[in-house]
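Student: First to last, the protein sequences are chains A and B. For the first sequence, position 144 (counting from the first letter as 1) is numbered 144 according to the working numbering, and the numbering increases by one without interruption. For the second sequence, position 44 (counting from the first letter as 1) is numbered 44 according to the working numbering, and the numbering increases by one without interruption.
It is possible that part of the hints are untrue.
[As the list claims (entries may be wrong)] Residues from chain A that face chain B, not an exhaustive set, calculated with beta carbons under 10 Å:
id	residue
1	Asp18
2	Met20
3	Gly27
4	Asn162
5	Lys192
6	Pro209
7	Tyr281
[Claimed, not checked] Taking CB as the label site, the calculated pair distances span:
id	chain 1	residue 1	chain 2	residue 2	range
8	A	Met20	B	Arg7	29 to 35 Å
9	B	Ser28	A	Arg68	25 to 31 Å
10	B	Pro54	A	Leu48	43 to 49 Å
11	B	Gly59	A	Ile46	25 to 31 Å
12	B	Ser28	A	Thr152	26 to 32 Å
13	B	Lys8	A	Asp70	40 to 46 Å
Bear in mind the hints are in silico, worked out from the structure with no lab data behind them. Heads up, the beta-carbon is just placed ideally off N, CA and C, and yes, glycines get one too.
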Amino acid sequence: MSVTTYRENPVEQFLRTDRMPHIWCPGCGIGTSVNCFARAVLECGIPLDKLAIVSGIGCTGRVAGYLRLDSFHTTHGRAIPFATGLKLANPELSVVVYSGDGDLAAIGGNHLIHAARRNMDIKVICVNNFNYGMTGGQVAPTTHFGRLATTTPYGSPEIPFNLPHLVASCGAVFVARWTTYHVVQLQRSMVKALKKKGFAFIEVLAPCPTLYMRRNRLGSSVDMMKLFKEKSVVKHGIDTKEVAITNYEDPIIVGEFVDTERPTWLDNYNEIMKKRLGDKYVPWGVNNG
Amino acid sequence: MSTSTGRKFIGLVVINSERCKGCEICVSFCPTGAIVMSRDFNSKGYHYPEFKHPEKCTGCGLCGLYCPDFAIYGYREKVE
Numbered sequence: 001m002s003v004t005t006y007r008e009n010p011v012e013q014f015l016r017t018d019r020m021p022h023i024w025c026p027g028c029g030i031g032t033s034v035n036c037f038a039r040a041v042l043e044c045g046i047p048l049d050k051l052a053i054v055s056g057i058g059c060t061g062r063v064a065g066y067l068r069l070d071s072f073h074t075t076h077g078r079a080i081p082f083a084t085g086l087k088l089a090n091p092e093l094s095v096v097v098y099s100g101d102g103d104l105a106a107i108g109g110n111h112l113i114h115a116a117r118r119n120m121d122i123k124v125i126c127v128n129n130f131n132y133g134m135t136g137g138q139v140a141p142t143t144h145f146g147r148l149a150t151t152t153p154y155g156s157p158e159i160p161f162n163l164p165h166l167v168a169s170c171g172a173v174f175v176a177r178w179t180t181y182h183v184v185q186l187q188r189s190m191v192k193a194l195k196k197k198g199f200a201f202i203e204v205l206a207p208c209p210t211l212y213m214r215r216n217r218l219g220s221s222v223d224m225m226k227l228f229k230e231k232s233v234v235k236h237g238i239d240t241k242e243v244a245i246t247n248y249e250d251p252i253i254v255g256e257f258v259d260t261e262r263p264t265w266l267d268n269y270n271e272i273m274k275k276r277l278g279d280k281y282v283p284w285g286v287n288n289g
Numbered sequence: 001m002s003t004s005t006g007r008k009f010i011g012l013v014v015i016n017s018e019r020c021k022g023c024e025i026c027v028s029f030c031p032t033g034a035i036v037m038s039r040d041f042n043s044k045g046y047h048y049p050e051f052k053h054p055e056k057c058t059g060c061g062l063c064g065l066y067c068p069d070f071a072i073y074g075y076r077e078k079v080e
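Throw the hints in and build the complete structure from the sequences for me.
Tutor: In structure tokens form, the structure reads like this:
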């Protein structure tokens with residue numbers, strides 16, 4: 001059967017194709033998550049001039065440079081402060097922070113918890129690859145207990161962060177965790193997060209085949225994807241205390257853990273100012289904030 | 001008209017071999033085994049996938065969803 005027309009990949013329109021192939025290693029999970037994100041943007045039909053991507057430093061920080069959207073590549077760990085400013089200066093924008101675990105949880109940890117506490121209307125996608133990939137595989141706050149990294153040659157003595165529990169206890173209104181194996185579910189959660197008002201957090205577990213897996217002799221990225229398939233358990237709405245991943249062999253609990261409603265920082269600010277100034281105060285960004 | 005398997009559509013896969021880095025995720029997770037790794041290399045020296053068994057393809061598009069390098073895309077085309 002002969003076919004004359006070949007369709008183009010729908011993701012292609014969101015990519016800066018002149019920069020392809022990208023710098024990510026063969027089998028890296030960041031590309032898969034970007035793929036899901038582009039399809040989520042396509043599915044929720046958000047106007048592209050109302051969408052901004054902010055990235056920090058690291059392998060995942062490169063996402064801002066590869067997407068053909070309004071994007072900004074900030075300094076290390078400061079993606080959330082920049083996104084907060086962007087959102088408050090122009091409340092019409094839908095601001096997405098796309099960064100890695102080293103950027104968001106380690107150096108930017110303080111910003112992460114405070115943005116969640118304020119319920120700032122930004123969406124955070126955290127690609128967790130269990131180490132600092134770009135700088136050579138140093139230990140991160142998410143590295144499994146006892147695993148090797150450049151800075152822990154005898155095994156990491158630290159207990160890793162439980163990121164969904166951290167942001168949920170700080171007050172995030174949408175918290176989900178998926179792996180790069182769960183592409184369809186991840187895409188669906190990203191659509192939900194883009195439509196949600198308030199601080200939405202999605203943790204994406206991704207393989208780091210070159211640094212983390214090779215150093216720990218865990219095989220290739222296909223092996224990790226198979227491990228995600230075998231070990232992951234979907235539990236929607238479970239208490240986030242129980243979703244910690246301390247060891248590599250632990251079951252990986254995935255799903256949408258938190259989905260609530262709470263007034264955002266801008267709503268509260270407008271209310272306070274209205275109470276104090278009365279009719280003199282013109283509310284900021286009420287139509288779409 | 002329909003194909004030999006009785007389907008009203010065919011599955012198609014478009015491969016951009018120059019972007020591929022040979023991670024083999026598409027080949028490992030293809031539900032029907034329609035794509036296999038080629039013996040050839042691209043200009044960077046990676047093996048890339050090949051659409052070897054078009055009759056097996058259901059056009060689920062999972063290869064395109066998994067690909068980290070945006071190098072492969074699967075879709076369905078109606079049979080005229």
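Student: Are there hints from earlier that the structure breaks, and if so, what are their numbers?
Tutor: 1, 4, 5, 7, 10
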